[in-house]
Every structure is written in C-alpha cells, then in structure tokens.
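Numbering (the working numbering), first residue to last: -15 to 270.
Everything labelled a hint here was simulated from the structure, so no lab data went into it. Mixed in with the good hints there might be a few duds.
Listed next, the in silico SDA-like pairs over lysine to any residue satisfying Cα-Cα at most 20 Å (straight line) [said to hold, decoys possible]:
no.: 1; residue 1: Lys231; residue 2: Glu184
no.: 2; residue 1: Lys231; residue 2: Thr175
no.: 3; residue 1: Lys150; residue 2: Val169
no.: 4; residue 1: Lys231; residue 2: Ala259
no.: 5; residue 1: Lys150; residue 2: Pro125
no.: 6; residue 1: Lys231; residue 2: Gln257
no.: 7; residue 1: Lys150; residue 2: Pro170
no.: 8; residue 1: Lys231; residue 2: Arg192
no.: 9; residue 1: Lys231; residue 2: Glu188
no.: 10; residue 1: Lys231; residue 2: Arg220
no.: 11; residue 1: Lys150; residue 2: Gln130
no.: 12; residue 1: Lys231; residue 2: Met261
no.: 13; residue 1: Lys231; residue 2: Tyr214
no.: 14; residue 1: Lys150; residue 2: Trp102
no.: 15; residue 1: Lys231; residue 2: Val260
no.: 16; residue 1: Lys231; residue 2: Asp196
no.: 17; residue 1: Lys231; residue 2: Gln242
no.: 18; residue 1: Lys231; residue 2: Ala258
no.: 19; residue 1: Lys231; residue 2: Asp205
no.: 20; residue 1: Lys231; residue 2: Tyr249
no.: 21; residue 1: Lys150; residue 2: Ala199
no.: 22; residue 1: Lys150; residue 2: Ser67
no.: 23; residue 1: Lys231; residue 2: Ala190
no.: 24; residue 1: Lys231; residue 2: Arg253
no.: 25; residue 1: Lys231; residue 2: Gln187
no.: 26; residue 1: Lys231; residue 2: Glu218
no.: 27; residue 1: Lys150; residue 2: Arg135
no.: 28; residue 1: Lys231; residue 2: Tyr247
no.: 29; residue 1: Lys231; residue 2: Leu189
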Amino acid sequence: MKDYKNVKVPRGYRTANRRTTTKRLNAGRGPARRSSAEKGALGAIFAVLLTAGLCYGGWEAYRWLTTAEMFQIAGVDVRGVRSVGDADIRELAGMFTGQNVFRVDLDAATRRALANPWVREVRIERSLPNRISMIFAERTPRAVLQAANGRFLIDGEGVVMVPVPKDEAAAAGLPVIAVRDCRAVPREAVTARAVAEALELTQELAARGGWDPGAVTVKADTPETIAIVYADHEFRMGSGNYGEKLKRLGEIAADMRQRGLEYSYMELRPERQAAVMVAKSAKVRR
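Model the full structure from these sequences, guided by the hints.
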C-alpha cells in the first residue's frame, strides 16, 4: 500500500478555491412547480365561475324583490295639495295600484303630475317596503291676465295656469294685467315683455297697502306704457323704479285732496317731474 501523504502536487493542478462544492440532484418524484400559463388559466376559470355565481345570485335577488308580496304597493301618501283636484290625485295614484314598489315608473308619474297647471314642482319617491310618497309644490295665482284669447290666472313667475272660471270666485281679490296683443297658453310663461314688470308693480302695490288689489288693472302692452287704472283714475308709471314713483303718487294725491281738486290721470314716467290732468281739463304741474 502506497502512502500519498508526502506526494507533492504540481502548481498547475492546484485550485485557488479550497471550499467543498456540493451539488444536489432531484432524483425523486416530488410535485413539480406549476407554470405561469397554468396559473393564469386557473385564475380565469375561477373569475368566470365567480361572475356566473354573482349574476345568478343577483338575478334571484331581483326576481324576489320584484315579485314578493311584501313589496306590492299598499298606499300613496300625498302632501302639499290645496288646489289640485281630488280626481286628479286619484288618477295619479291609480298608476301605482297593485304595482311592485321597485318596478313602478316614477318618471312617468312625475311627468303626468307636472302636466297639471296647478303643479309647480313634485317629488315622487318610494317609501319602503310598500308605499309611495308624493310631495307637491303648487302654483299660487298672483294676477288675472286679460289676454286676446280670454282671462287666465297667472302665478308670480308669469306662468299661465287655468282660464278664470265663469263664477270668477278664483279671481276675487286679484289685480288684472291687461295685454292686448297677447295669446295665453296654459302651463307656459307669458311672452309679453311687460308682464314681468306689471307683476313687480302689483307686488309693490300690495306691499305698500292702501290699494284694493281686486280693483286694480295694470295696462301692460309695453314696459314704457305701463299704467295703473284705479277708481276711475289712470296713473302712467312707465318702466321700473316703482317704489319711488308710488311714493310721489301718494304725495301728489294727498296734495290734490287738500286743495279739493279732482284729477283724471297722473303722468309719473318722467324721473324728475310729474304731470297731473285735473278734471275740467286744467293742468297742474308739480
């Protein structure tokens, strides 16, 4: 037996790395790692199954909500109604009778409600589980429009409401705004330019007091020719600055009474000067 203890190894066969290198070989049948393509396929299948499950669950929930007896409308709650007729309310509520609270068409009901000339705004909502809530804001008549095609009630925005009834009870206490070349269309705003100013003038008269609104007629063919006809007198107001003009009118009327003079009209359109037509055709300027 040879002893290799003292054998010298040439430098060319020596290695600089003296660390032992160990290699491992997988010789068994353990589970191999899945590739990224396999993982992507499994994720897609899972997403499809999850989506299908959610869709099916949503469909079943929808079918239950829209067919369950507990969601069948049992009544309609109405607020804010004063002038809208009972028959109109019953007709509107009839759109919901026997319907499912989730399937009823609220937009169609809102359009029908707004077609009523007395209705300015309406809010129709579901009140779960089985009721409908309708909240109305009605139009309030502010004047009678004397148009070329008849007499109509109008609100403060100049919107034509309904023809004045034959008994004219609805028009009692309201001022008249007369426009010769105007044709009124229900549920539409009056197009005559002077109507908005005439409404402003009637509001100023009501705020000042001392006038009987039901005895006031405002001629409003144009803004420049606006005039008040009251107690057989005519007050030519023109456009704008009504507070100051009515103040001057009161001062002149008081002065005329103190003098014992009767007048047929006052011209208040000039900004700095007013003219008065005294009865018997005498003119007094102030």
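Distance restraint between Lys150 and Arg135, which requires alpha-carbon spacing of 20 Å or less: 10 Å, holds
Straight-line Cα separation of Lys150 and Ser67 no greater than 20 Å? Given pair Lys150, Ser67 holds - Cα atoms ~17 Å apart, limit 20 Å.
Lys231 and Arg253: Cα distance at most 20 Å? 13 Å, holds
Mind checking the alpha carbons of Lys231 and Asp196 for me, to see if they're no more than 20 Å apart? Holds, at roughly 17 Å.
Taking only the CA atoms, is the gap from Lys150 to Trp102 under or equal to 20 Å? With Cα atoms ~18 Å apart, Lys150 and Trp102 stay inside 20 Å; holds.
Within 20 Å, alpha carbon to alpha carbon, are Lys231 and Ala258? 12 Å, holds
For the pair we were handed, Lys150 and Ala199, check the Cα-Cα distance against 20 Å. With Cα atoms ~18 Å apart, Lys150 and Ala199 stay inside 20 Å; holds.
Does Asp205 sit within 20 Å of Lys231, going by the straight-line distance between their CA atoms? 24 Å, violated
Regarding the pair Lys231 and Glu188, is the alpha-carbon distance no greater than 20 Å? 11 Å, holds
Are the Cα positions of Lys150 and Pro125 separated by 20 Å at most? The given pair, whose Cα atoms are some 16 Å apart, holds under the 20 Å limit.
Checking one constraint from the list: CA of Lys231 to CA of Glu218, max 20 Å. Satisfied? With Cα atoms ~16 Å apart, Lys231 and Glu218 stay inside 20 Å; holds.
Keeping to a limit of 20 Å between CA atoms, is the pair of Lys150 and Gln130 held or broken? 14 Å, holds
When the structure is compared with the earlier hints, violations turn up for hints 2, 19 and for no others.
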